[in-house]
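There are 4 protein chains.
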Amino acid sequence: MVSLERPIKFEDVDAAGIVFFARFLSYAHEAMERFFAPLDGGYAGLILGRRIGLPAVRVEADYAAPVRYGEALRIETSVVHIGRRSATLRYRMIRVHDGVLSAELRHTVVTTDLVQIASVAMPEDVRALLGAHLDPEQAPVSAGRPV
Amino acid sequence: MVSLERPIKFEDVDAAGIVFFARFLSYAHEAMERFFAPLDGGYAGLILGRRIGLPAVRVEADYAAPVRYGEALRIETSVVHIGRRSATLRYRMIRVHDGVLSAELRHTVVTTDLVQIASVAMPEDVRALLGAHLDPEQAPVSAGRPV
Amino acid sequence: MVSLERPIKFEDVDAAGIVFFARFLSYAHEAMERFFAPLDGGYAGLILGRRIGLPAVRVEADYAAPVRYGEALRIETSVVHIGRRSATLRYRMIRVHDGVLSAELRHTVVTTDLVQIASVAMPEDVRALLGAHLDPEQAPVSAGRPV
Amino acid sequence: MVSLERPIKFEDVDAAGIVFFARFLSYAHEAMERFFAPLDGGYAGLILGRRIGLPAVRVEADYAAPVRYGEALRIETSVVHIGRRSATLRYRMIRVHDGVLSAELRHTVVTTDLVQIASVAMPEDVRALLGAHLDPEQAPVSAGRPV
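Chains as they are written, first to last, in our numbering: chain A, 1 to 147; chain B, 1 to 147; chain C, 1 to 147; chain D, 1 to 147.
It is possible that part of the hints are untrue.
Any copy, or any two copies together, can satisfy a pair, since identical chains are not distinguished.
[As the list claims (entries may be wrong)] Below 25 Å or equal to it, Euclidean Cα-Cα: the simulated DMTMM-like pairs (lysine to aspartate or glutamate) are:
no., residue 1, residue 2
1, Lys-9, Asp-98
2, Lys-9, Asp-125
3, Lys-9, Asp-40
4, Lys-9, Asp-113
5, Lys-9, Glu-137
6, Lys-9, Glu-76
7, Lys-9, Glu-30
No lab work stands behind these hints: they were computed from the structure.
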């Protein structure tokens, strides 16, 4: 599990005064960039140097409790599934001030050649990093299981 | 079904050159605002006047094909489930230039008192509008069924 | 002068409840895209097809009155200066519901080869479109004059 | 001078492949939040607790060199002017990898009662913090002088 603490930004809230639901996917992406930072060149090196990306094919987000400006989230990233060309990451986003789970996301990505926009075999260093943080979910799992 | 056509903005793409995956939730929210426009005062009136909001409790997004700057999406919004205090909207986002489905989202919202941040019974005008566009999905539906 | 009407989006506000100051530059860019829509292929064709961009070298923004969710802005775009490789656009952003000026921006851009990231002579169709909406400001102009 | 280092996020670029010009104002706001962190409750406490905000009345941004995903900016924040109810902050945004100035912004804010949306006398703790980082610009200053 890789942990990232992130304060809520002034512009992250919406007209209802709570963090806008789409922002949690931005937070997840930041957590994924942090997760892949140990790669040579980091996530940016993967994208810009090797031209391999990890576009999403599926996201499930469960929103449990709102979070506001002035608060912060601790994002705990782990891996629940590794396939041949895909993987599913899980992000638990926890409010720092009271330990309450704000949101939990599952994010299935496919290793993709960004020039051809076609899936490619998962690079070995990407697979090794994912494997080091594998934490499969226990059966029985209801609707929403990563595929 | 309510339809909205939306060009991709210059800033919507990411460093991989395709629309960032979180933006599709922003697009879904725009489509929802359009969906609720027939309410007296529109969606803004609901939020700011009546202080009733529709925060998400769950989102499922399936990404099928990338979309780029210079292209546009047609977003078709319908309703797949109406509960006592919740509803699930479905957004099909279709590339205008070739008719290809880019993404499909399911978005479950709960009618919420924004002052108390507590669920409330669904207002009748909201229920009526949702009902006018109800298009339930056929069984058998696999993982990802709205709850 | 080219006019664009734009409702404020749910996510455009900040934790103070008014549109975040950076969003006005996003609005200006949308207005610029609309301004250049008459080009063959539009602004996207310029960027993606001809690989010529218009990056900003200077922006001045004067914020006069806040704008909120539920309101809309009418953005009036004109051109106050055309140089050899640069131009300055002016955006007056006016609240639709009461006609009050919310913000006024001056935006100096340079015609740029996006492959080399080097300035290039202004294409003739770009110059012609700018010239059609030229509305130079009157002397004496105080600090803040476009250069 | 208060310094903040900030990596460019995956979603901060635009369809030209460089950081979108409006993002620099978001970065400036983050730097301002960092600048005011020593206040009791930080910037969030000022906004949410005391209901005093610092909305912009003017921004000047000079863009000198583009910055890309995979790079980072060091933002050096200082104060060039303190008035009775306003102040002007200056942000120098420097690319970490080569020390090149990417952008320089001047940001004039007014201490504002967020309930009344009316200017108020500058709180003493705000004034003291600004004064601790005052670095007035030398005359002669050309167009673009903070007012």
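Now the hints, each set against the structure:
no., hint, verdict
1, Lys-9 to Asp-98, "within (18 Å within a copy, 28 Å between copies)"
2, Lys-9 to Asp-125, "between (33 Å within a copy, 22 Å between copies)"
3, Lys-9 to Asp-40, "between (29 Å within a copy, 18 Å between copies)"
4, Lys-9 to Asp-113, "between (33 Å within a copy, 21 Å between copies)"
5, Lys-9 to Glu-137, "neither (32 Å within a copy, 30 Å between copies)"
6, Lys-9 to Glu-76, "both (19 Å within a copy, 19 Å between copies)"
7, Lys-9 to Glu-30, "both (14 Å within a copy, 7 Å between copies)"
In summary, the one numbered hint that this structure violates is 5.
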